[in-house]
Each structure stands twice: as C-alpha cells, then as structure tokens.
Amino acid sequence: METTKLPPTSPSSPTTSFSVPSAEKVDGFPRRSMRRARQRRSHSSSQFRYQSSQVELTPLPLLKDAPVAELHDLFCKKLQQCCVLFDFLDCVADLKGKEIKRAALNELVESVATSRGVLIEPLYPEAIKMISVNIFRTLPPSENPEFDPEEDEPTLEASWPHLQLVYEFFLRFLESPDFQPSMAKRYVDQKFVLQLLELFDSEDPREREYLKTILHRVYGKLLGLRAYIRKQINNIFLRFIYETEHFNGVAELLEILGSIINGFALPLKAEHKQFLVRVLIPLHTAKSLSIFHAQLAYCVVQFMEKDATVTEYIIRGLLKYWPKTCTQKEVMFLGEIEEILDVIEPSQFIRVQEPLFKQIAACISSPHFQVAERALYFWNNEYILSLIEENCQVILPLVFATLYRVSKEHWNQTIVSLIYNVLKTFMEMNSKLFDDLTASYKVEKQNWSQGVVNFRIRLIYLHGVSCLIKMCRYH
Amino acid sequence: IVLNLINYKYSSRVGTSRRHAFLYIYMEQIGSNFHLTLVSKMAGADGDDSLYPIAVLIDELRNEDVQLRLNSIKKLSTIALALGVERTRTELLPFLTDTIYDEDEVLLALAEQLGNFTMLVGGPEYVHCLLPPLESLATVEETVVRDKAVESLRKISQEHSPVDLEVHFEPLVKRLASGDWFTSRTSACGLFSVCYPRVSSTVKAEIRQHFRTLCSDDTPMVRRAAASKLGEFAKVLELDYVKSDIISLFTALASDEQDSVRLLAVEACVSIATLLPQEDLETLVMPTLRQAAEDKSWRVRYMVADKFSELQKAVGPEITKNDLVPAFQNLLKDCEAEVRAAAANKVKEFCENLPEDNREQIIMTHILPCVKELVSDTNQHVKSALASVIMGLSTILGKDNTIEHLLPLFLAQLKDECPEVRLNIISNLDCVNEVIGIRQLSQSLLPAIVELAEDAKWRVRLAIIEYMPLLAGQLGVEFFDEKLNTLCMAWLIDHVYAIREAATCNLMKLVEKFGAEWAQNTIVPKVLGMANDPNYLHRMTTLFCINALSEACGQDITTKQMLPVVLKMSNDQVANVRFNVAKSLQKIGPVLDSNALQTEVKPVLEKLATDTDMDVKYFAQEAISVLALA
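Quick mapping for you: the protein sequence lines, in order, are chains A and B.
FYI, the numbering for the first sequence is 1 to 475, going by UniProt numbering.
FYI, the numbering for the second sequence is 1 to 630, going by UniProt numbering.
Think of the hints as simulated: they come from the structure by calculation, not from any bench.
Errors might be hidden in some of the hints.
Under the rule of at most 20 Å between Cα atoms (straight-line distance), these lysine to aspartate or glutamate pairs were calculated in the EDC-like manner [as the list claims (entries may be wrong)]:
| no. | chain 1 | residue 1 | chain 2 | residue 2 |
| --- | --- | --- | --- | --- |
| 1 | A | 269 | B | 180 |
| 2 | A | 191 | B | 104 |
| 3 | B | 333 | A | 143 |
| 4 | B | 296 | A | 307 |
| 5 | A | 129 | B | 356 |
| 6 | A | 324 | B | 232 |
| 7 | B | 313 | B | 267 |
| 8 | A | 231 | B | 611 |
| 9 | A | 287 | B | 142 |
| 10 | A | 358 | B | 65 |
| 11 | A | 324 | B | 141 |
| 12 | A | 320 | B | 105 |
| 13 | B | 74 | B | 91 |
| 14 | A | 287 | B | 103 |
| 15 | A | 287 | A | 345 |
| 16 | B | 568 | B | 517 |
| 17 | A | 191 | B | 141 |
| 18 | B | 415 | B | 356 |
| 19 | B | 296 | A | 201 |
| 20 | B | 313 | B | 356 |
| 21 | A | 273 | A | 201 |
| 22 | A | 324 | B | 103 |
Start from the sequences and build out the full structure, keeping to the hints where you can.
Quick look at the structure:
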C-alpha cells in the first residue's frame with residue numbers, strides 16, 4: 001500500500017518492503033480504504049514513539065571546514081544532532097530533517113574513518129549515547145507471525161537509511177586506530193552488550209550483518225566483556241532451543257563463535273566443553289536448523305580440531321539427536337558427520353565407529369534416495385575410506401546385511417549402483433571376511449524362511465548363555 | 001536370578017544405553033505377552049523359571065527401537081504390580097534412577113508414570129522412594145520432560161506426610177534450587193509453593209530465601225521460571241511475608257533487563273494484587289503496574305492488555321477509575337498493532353466490569369472515542385478483534401446509546417474490507433438483537449451478507465453459511481425469502497464441495513426453523529429441479545439435499561415429491577449418481593411407509609444391485625440389507 005508513495009530514488013530502498021499484512025495480499029480486496037487510515041501510526045516502530053516532541057534540525061557547518069580548535073566541539077554537536085529520531089514509516093515526513101541527519105552521519109563516518117586524532121575521551125560517551133539511542137529499540141512484532149526464514153521475505157527495517165550509517169559509524173569507531181579500549185569500556189558495558197545481542201533477533205539481514213562484525217570487534221577489543229558475551233550468547237541459544245524456538249540471528253552468532261572457538265586456549269576449559277555439549281549439540285534439534293547449519297557444523301569441527309577428545313561427545317550427541325522424520329535434516333547431519341570424519345583422529349574413530357556405522361547403515365536403507373546417497377558418498381572420501389579399511393573387521397559386519405539387502409531392494413537405480421561400488425570396495429578390502437559374511441547372511445536368510453521361530457529361540461538361548469558366561473567372568 | 005541380573009547390569013560397566021535397553025525390553029515382555037506367565041512365575045518366586053523371559057530380553061537387548069522402550073515404559077505400572085511393592089522399591093526404582101539417559105520421549109512417559117506410582121511403592125508411607133528418579137528427570141534439558149517431572153513431583157508432594165516432606169521432599173527442592181545447571185533451578189521454582197504450607201517455620205524461612213535467590217538468578221531462564229511462579233508462591237505465603245518479601249521480588253522482576261522476565265511479572269501482579277488489602281495496593285503494586293503499562297517493550301504492554309480484565313478485578317473499582325481507565329485508553333492507542341488488538345479484545349469485559357455508578361459516563365467519554373478510532377484501524381487483526389466484542393457494548397449502554405453511538409460503528413464494520421471483521425459482526429448479531437432489534441441493521445446487513453456470500457475465499461463463504469440459520473431466525477421468514485433465499489440456493493451449486501455440503505446442512509436447519517410447509521413451497525421445488533441439471537455434481541447435490549431434508553420435511557413430502565425424483569435418477573448414466581441414489585434410498589427409507597418401500601424402492605434397489613458398476617452394486621446391496629428388503 002505504501003509503495004505508491006515511495007520516493008523513486010533507490011530501488012533497493014528498504015521502504016519497498018513495507019509489506020501489507022500478509023493476509024491482505026491474497027484476498028483480492030481493493031486497498032483504497034487502507035490507504036486513507038492513519039498510516040503514520042500504523043507500523044511505526046516502538047522506538048519512534050518515545051521521542052516526546054520533534055526537534056527541528058538545522059544544518060551545522062561541515063566538519064572538514066571547521067578550524068581545528070572547534071572540530072571536537074562540532075563533532076560533538078553533530079553527534080547530538082544525530083540523536084534525533086525520525087518516523088520512517090511516513091516517508092514524506094520531515095524530509096529536510098532526515099536529510100540533515102543523513103548528511104551529518106555521513107560526515108561522522110568519514111571523519112572517524114579517515115582523520116586522526118578525532119576520537120578524544122569526551123567524545124566517547126557522546127558517541128556511545130548516539131549509537132544507543134539509534135540502534136537500541138524493542139524490535140517490532142513480526143508482520144508475519146509464522147515467519148519462515150527459508151520461505152518468506154524478511155521485513156526490512158524502515159529506518160535503515162539512518163540506521164545503516166549509525167552502524168557504519170559504530171564500526172569505524174571501533175576500528176579506528178585511535179580507539180582506546182580502556183576508555184570505551186566505561187560506556188560499552190555489560191548492559192550495552194546485552195542490548196546489542198538482543199538486536200540479533202532483527203529480521204533484517206543487513207542489520208544482522210553489521211551487528212555480527214561489530215560484536216566481533218567488541219569481543220576482540222574489550223577483553224573484559226568476553227566471558228559475559230559468551231555467557232549471554234549461551235542464554236540466547238538456550239532460550240532458542242528450549243523456550244521460543246525463534247531467534248533470527250543464530251547463524252550470525254554462530255559465525256562469531258566459530259572464530260572465538262578458534263582462539264580458545266588448550267586444554268579446553270570446562271565452561272567451553274559445557275558449551276559444546278549442552279548448547280551447540282542441542283542446537284541440532286532446532287526446526288530451523290537449515291538456516292544456521294553450516295555455521296554450526298563449522299563450530300563443531302573447530303572444537304574437534306582444538307581438542308580431539310571431544311569427538312566422542314560430538315558424535316554420540318549427534319546420534320542422540322538424529323532426525324527421525326525430517327530427511328532434509330538427515331542429509332545435513334550426514335554432511336556434518338562427513339566434515340567431522342574428515343578431521344577425526346583414528347584413535348577417536350575407533351571409539352565411535354560402532355554406533356556411528358549402525359546409523360550410517362540405517363541411512364543407507366532409507367527409502368529417501370538423497371539420504372541413502374549422502375551416506376554412500378562417504379565411500380568416495382579417501383580419508384574415510386582409509387579409516388573404514390583399517391577397521392574393516394568391525395565395520396563391515398555392521399553394514400553388510402544392510403548393503404546386501406538394499407542392493408536387492410532399493411527402488412532407485414543410482415543407489416543400487418552406488419551400493420555395488422561399496423560392496424566391491426569391501427570385497428577388495430577383505431575378501432575373506434566378505435565371503436564369510438555373504439555365506440552367513442545367506443544361511444541366516446534361509447533359516448529365517450525355513451523356520452523363523454526355531455531360529456529365534458535358538459538365538460535367544462545362545463545369547464542368554466553367552467551373557468551368563470560373560471557375567472560369571474565379570475564377577 | 002532376575003534380581004541378580006538386574007544388579008549385575010546395574011553395577012557393571014556396561015554402557016548406559018545398553019543397560020536400560022535391557023530393562024526396557026524386559027518390561028516390554030512382561031508388559032505384553034509375558035505378563036501372565038511372569039506374574040505366575042513371580043508368585044512361585046525364584047528358580048530357573050525366570051531365566052526364560054530374561055533370555056528373551058537379552059536377545060531383544062540389541063533392539064534399539066525407541067517405540068519398544070516407550071511401550072514398555074507406558075506399562076511401567078503393570079511391571080511394578082507384577083514385581084510387588086517391595087521389589088519395585090528396591091530394584092525397579094534404583095534402576096530407573098540410574099537410567100535417566102534416554103530418548104526424551106521415553107523420559108516424558110516415565111516422568112508421567114511416576115506421578116501415579118504412590119500405591120505401587122506401598123502407599124504414602126513409602127512415596128518418598130519416587131523422589132530420586134523424579135529428581136533426575138527434573139534436571140534434564142528437554143523442557144517438556146522437566147515440566148512433567150515437576151508436575152509429578154507436585155502431585156506426589158501432597159501424598160507426603162509433613163515429616164516426610166521435611167525429611168525428603170524439601171531437601172530435594174533445595175538441591176534442585178542450588179543445582180549447577182539452569183535446568184534444575186528452573187524446576188525448583190515450581191516446587192516451592194507445594195511444600196511451603198506444610199513445613200515448620202524454620203524451613204519456611206529457608207524456602208523463602210531460596211526463592212529470593214532464584215528471582216535474582218544469573219540466567220534469564222531461571223528468572224523467567226521464578227517470575228512465572230511468583231503469583232502462585234505469593235498465594236501460599238503469610239500476608240506479612242507477601243508485603244515484605246514478595247513485593248520487593250515483584251518490583252525487581254518487573255524491572256528486569258529482559259522483557260521476557262518483565263512480562264511474566266505482569267501475570268504475577270494479578271495474584272499479588274488479589275492478596276493485598278485495598279489500602280496497600282496503591283503503594284505496593286500500582287507503581288509497578290503503571291510502569292508495566294508503559295513499558296518500552298511491546299511484549300510487556302501486550303501482556304498488560306491481555307491480562308487487563310484480571311488486573312481490573314484484582315485492583316478494584318477505585319484504582320480502576322483513576323489508573324486503569326487512562327492506561328486502557330493508552331493501550332487502545334498503542335503504536336503496535338499487537339497491543340491494540342489485545343486491548344480491543346478486552347473492551348467489552350473491561351466496560352462490563354466498570355463500577356456501575358458511573359460506568360456509562362466512563363465509557364462514553366473515555367472508552368468510546370478510542371473504540372471509534374479502532375474501527376478504522378489500519379491493521380485488520382485489530383479491527384477484527386474489536387468486531388468480535390463491540391456488539392457486546394450495546395447491552396451495557398442500552399438502547400438509546402446503541403442507536404446513537406454504536407450503530408454507526410457496527411455499520412462501518414459491516415462495510416469493512418476485511419471479511420473477518422464483517423463476519424465477526426454478523427456472528428455476534430444476537431447481542432444487538434436483544435437491545436434494539438436486528439431491523440435497525442437489516443439495510444446494511446444485506447449488502448454485507450451478499451458480499452461475504454460471494455467472497456472469493458471459500459472459507460469466508462463457509463463461515464457466513466454457518467450464520468445463516470441464526471440470521472434467518474432473527475430477520476424473519478419474509479425478509480429471508482425476499483433477500484437471502486437465492487443466496488442459499490446459489491451455494492448449492494458452488495464449485496467447492498465443502499460449500500455445497502454446508503449449504504445442504506444449512507437448508508436442513510432452515511427447514512427446522514421455518515417448518516415443512518415453507519420447505520415445500522420454497523426449497524423443495526428448486527432442489528428437485530436440479531435433478532435434471534447437466535452437471536452430475538449438481539444432480540448429486542439434489543440427492544444430498546434430499547438426504548438432509550427428508551426427516552425435517554416428513555413422510556408426506558418425502559414420499560410424494562422426493563422419492564419419485566430419486567427413483568428416476570437411478571437410471572442416471574453416471575455411476576456416482578446411481579450409487580448415491582442407493583445411499584439416498586437407504587437414508588430416506590425409514591421416513592417412507594412400508595408400501596412405498598416394497599413397491600417402489602425395492603425394485604429399483606434390486607435393479608441397482610445388478611448394476612455393472614461394482615460400487616453401485618455394493619451400495620445397493622447395503623441399502624437392501626439395512627432396509628431389510630431382501
């Protein structure tokens with residue numbers, strides 16, 4: 001509806017996305033009457049509401065023209081000017097003021113990025129105040145309550161023309177060679193960081209991208225905040241996993257964590273291991289896994305590369321949360337397993353091979369050919385193949401029956417030929433074992449068809465006896 | 001030997017998962033086919049006899065099917081019954097306590113089962129045996145499992161004697177409350193209120209201290225849990241402690257840095273305000289409530305709007321007049337549509353509960369202007385929330401005000417572009433009917449109904465059909481015949497089956513309302529006329545209508561007018577029509593007299609029973625046997 005009123009300047013202008021509530025898009029009603037109503041209040045952001053009275057902005061002299069003595073004072077005035085917020089939902093409101101603020105922001109960005117000696121101590125509180133006033137806001141309710149990040153277009157932030165520049169300024173501020181962490185830490189404190197982290201829930205991917213870089217810089221420069229940032233990210237993830245199942249910035253936060261994990265000192269602290277086991281692994285259960293799976297898998301692999309002893313936790317964790325019905329997720333899990341196997345230490349591999357290959361066998365027999373195919377691709381990976389070869393005695397018996405059966409039964413020809421290749425590989429690896437298994441498989445199958453019941457009972461007793469024997473040995 | 005085996009498994013270093021797979025399978029076997037054998041064997045006690053089920057379960061040990069384990073857990077009570085109280089306590093429960101690592105689904109079932117286990121462990125005297133497994137379950141990660149464990153713990157807490165509560169239950173609460181990981185502390189929050197009333201005053205002091213600690217916990221998850229239980233905990237506390245302890249906690253939680261915590265404090269506000277004497281409300285509760293109503297987070301404001309009626313009742317008429325009315329106005333004018341919609345939903349309830357002495361004046365001067373604004377809100381959810389309650393105002397304001405002030409709003413909403421808004425108005429017409437009579441509205445009603453009846457979305461059409469009987473009743477038969485009858489007939493040939501079906505059902509309800517004579521004159525001829533329609537779907541609709549109408553129309557009309565049409569249609573070239581004829585005959589058979597059945601229906605059905613189409617045959621034969629014509 002609002003689109004008709006857009007200034008024709010930039011086609012990618014965020015206001016194009018002022019979507020009408022989704023239900024109205026389809027019902028075919030004329031939207032004439034929608035337009036006349038109080039547009040201004042309709043979607044206006046929670047932020048704008050709190051500005052009591054609108055201040056008229058007057059342009060200030062340019063920073064580059066200012067004499068050195070007045071530069072800091074002018075800089076400060078510009079920062080204060082930029083604390084005024086504008087209503088971007090009414091895109092024709094106060095165009096002059098918006099333009100003045102935009103120009104001022106641009107100048108601030110440029111100044112902080114290029115000139116030296118601008119950032120002096122008194123400017124820190126002003127700069128942080130300007131940033132806080134502009135970026136910290138309660139994110140508005142999603143226009144689409146069933147927002148699916150994979151399917152739907154995100155709602156873009158209306159005030160982006162200004163917000164972007166504020167973020168840009170913040171980033172340049174943090175990256176400036178003049179930036180002094182010791183001064184900044186008084187203003188960029190825990191409360192500030194907490195609000196920054198909440199913004200990661202923004203639906204606007206451009207905003208999250210900025211936030212990611214900024215948080216990364218903050219983490220890098222303000223050492224005192226590191227533990228706090230990690231803890232709050234943990235809380236966000238736990239809330240996401242166990243409470244709301246909704247948070248837009250999971251991928252971005254994971255991306256930051258990926259590089260944080262990279263910098264962990266060895267041996268890993270208990271806190272970090274706990275993060276892996278109780279947060280990262282359970283993140284795999286999320287419904288929206290596909291959105292952040294690449295980043296998540298990267299973090300997991302980072303952990304393994306840091307400390308191989310966590311391998312078993314990881315694999316057993318993944319097996320515990322293995323998708324039961326969602327084949328798309330199953331393919332992702334298989335992809336992650338392959339990434340893990342790519343860097344696994346042979347000694348760790350031995351510890352997990354049994355449960356792991358049981359699951360792989362189950363995947364191979366999946367009626368969904370993409371799952372089966374993804375699992376069978378493991379045999380194209382030379383490193384994995386070498387691991388399998390070393391442990392052929394254990395692995396082949398685990399997967400043999402499945403391979404044999406699926407090669408006869410699978411509906412998809414590609415799968416069948418992939419399985420033949422795998423069987424062939426195994427035959428070449430250990431032909432004796434292969435023949436034994438083939439023989440016993442056939443015998444077993446025959447027995448089943450002859451008299452299932454007899455066989456079962458014999459097996460039952462066999463196992464019963466063997467268990468009793470084992471028991472005696474333990475005692 | 002059973003015992004030894006369990007103990008062996010229990011103490012050896014066999015992997016956890018194998019260990020409980022062992023027990024689960026064991027249970028499964030006992031639970032199902034082996035139940036009886038086992039019980040008899042158990043009765044005969046020991047001996048090698050028990051080896052057989054064990055052997056079976058050792059075989060099944062390799063079975064990793066969750067479903068099997070789940071089934072067996074669901075039969076846990078059967079197993080316990082078979083084992084007897086003694087062995088349940090000494091063998092089964094320690095084992096379960098040790099096997100908390102499993103699929104969440106299994107754990108959920110386990111947590112639920114244990115809540116009903118009191119008798120199976122030997123009654124209230126031994127109920128504390130159930131605490132260890134439930135304690136472990138209350139610490140697991142998955143929320144549903146934890147919640148269920150807490151629910152079961154709350155349940156069995158009532159079965160503890162006061163002594164046991166202090167000796168066994170309260171220490172458990174304390175352990176949970178000081179657990180390392182947030183899950184156990186979260187669970188603890190739900191347990192304070194159940195044990196508080198029944199323990200000594202020293203223990204009470206400890207419990208209060210623990211709750212205080214959790215309210216300022218480091219993790220927001222725990223603070224949220226504490227905030228959500230604050231009201232419940234306040235209810236069991238002595239009034240002095242409510243004033244001294246709870247209020248400060250409430251104030252702190254209501255100004256938490258996270259809005260997810262603050263909004264839960266709003267819920268607690270209702271309970272707390274109910275507990276306090278009127279004179280304390282102003283100083284202890286209202287500052288916080290005012291602050292919440294203007295919170296910078298829309299989620300908190302939404303919560304205030306959502307709980308507005310409860311808050312209103314809790315704080316009483318005076319504060320309502322002075323504080324809540326302006327707060328409510330603000331919420332109705334909130335900048336977020338979510339908040340406005342939640343407030344709009346409460347308009348009627350809020351007005352209803354205003355103190356009667358100046359209710360009308362408050363509504364007219366303070367609320368109605370906001371309501372008028374909302375009628376033309378830009379957000380359809382807001383408008384439709386309002387439309388679902390606005391009609392209720394007419395009973396409160398009386399006839400004159402309704403005509404003067406509300407009627408224009410109803411009419412505006414009846415013309416709203418959003419079908420949901422119009423539907424909500426129409427579905428609540430009965431409220432207005434009582435006050436001013438529906439005639440006032442009929443002129444505007446008709447275009448609205450017609451437009452909805454032809455809406456492009458079939459769900460909208462379906463919704464309006466459902467209100468037809470109600471409308472017909474209120475508008476009267478003449479108005480109906482004149483204006484709505486054609487619509488009802490048009491729905492019969494809608495291209496969506498669900499609409500045709502609903503239209504059929506609608507006709508039946510109309511006939512029930514207006515009587516058989518009216519049906520004979522207005523509906524039946526049109527319905528029967530469709531039997532000659534070239535579209536077989538329309539011909540089938542005739543049959544469906546006959547099915548629905550025969551009973552309401554009675555034997556005479558059915559036999560004389562409907563039956564000949566049905567019989568004629570048995571020669572239809574479309575098999576679907578023919579087998580529906582068979583079904584119709586089966587349906588209307590009981591309404592017909594036996595003569596017609598024998599002489600007219602029977603031959604036709606017999607002919608259909610030899611039809612070339614197997615479905616036609618099937619339904620004809622079915623009809624013959626149901627009507628006992630064979």
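Review point. Would the pair residue 287 of chain A and residue 103 of chain B pass a check requiring their Cα atoms to be no farther apart than 20 Å?
Key: Holds, at about 18 Å.
Exercise for review: Please work out if residue 273 of chain A and residue 201 of chain A have their alpha carbons no farther apart than 20 Å.
Suggested key: Roughly 26 Å between the alpha carbons, so the hint for residue 273 of chain A and residue 201 of chain A is violated.
Exercise for review: With a cut-off of 20 Å on the C-alpha distance, tell me whether residue 287 of chain A and residue 345 of chain A pass.
Suggested key: violated (31 Å)
Check your understanding: Are residue 568 of chain B and residue 517 of chain B close enough, with their CA atoms no more than 20 Å apart?
Key -> violated (24 Å)
Check your understanding: Do the alpha carbons of residue 313 of chain B and residue 267 of chain B lie within 20 Å of each other, as the hint requires?
Key -> Holds. Residue 313 of chain B to residue 267 of chain B sits at ~13 Å (cutoff 20 Å).
Check your understanding: Does residue 129 of chain A pair with residue 356 of chain B here, judged by a C-alpha cut-off of 20 Å?
Key -> violated (49 Å)
Practice item. Mind checking the alpha carbons of residue 296 of chain B and residue 201 of chain A for me, to see if they're no more than 20 Å apart? Key: holds (17 Å)
Check your understanding: If you draw a straight line from the CA of residue 296 of chain B to the CA of residue 307 of chain A, is it 20 Å or shorter?
Key -> At roughly 45 Å apart (the allowed maximum being 20 Å), residue 307 of chain A and residue 296 of chain B break the hint.
Practice item. Starting from residue 74 of chain B, check that the Cα of residue 91 of chain B is at most 20 Å away, please. Key: Between residue 74 of chain B and residue 91 of chain B the Cα gap is close to 18 Å, so the pair holds against 20 Å.
Review point. Is residue 358 of chain A close enough to residue 65 of chain B, meaning Cα to Cα at most 20 Å?
Key: holds (13 Å)
**Study point:** Straight-line alpha-carbon gap residue 324 of chain A to residue 103 of chain B, limit 20 Å
**Key:** holds (12 Å)
Check your understanding: Does residue 320 of chain A pair with residue 105 of chain B here, judged by a C-alpha cut-off of 20 Å?
Key -> holds (12 Å)
Hints 2, 4, 5, 6, 8, 15, 16, 17, 18, 21 from the earlier list are contradicted by this structure; the remaining hints agree with it.
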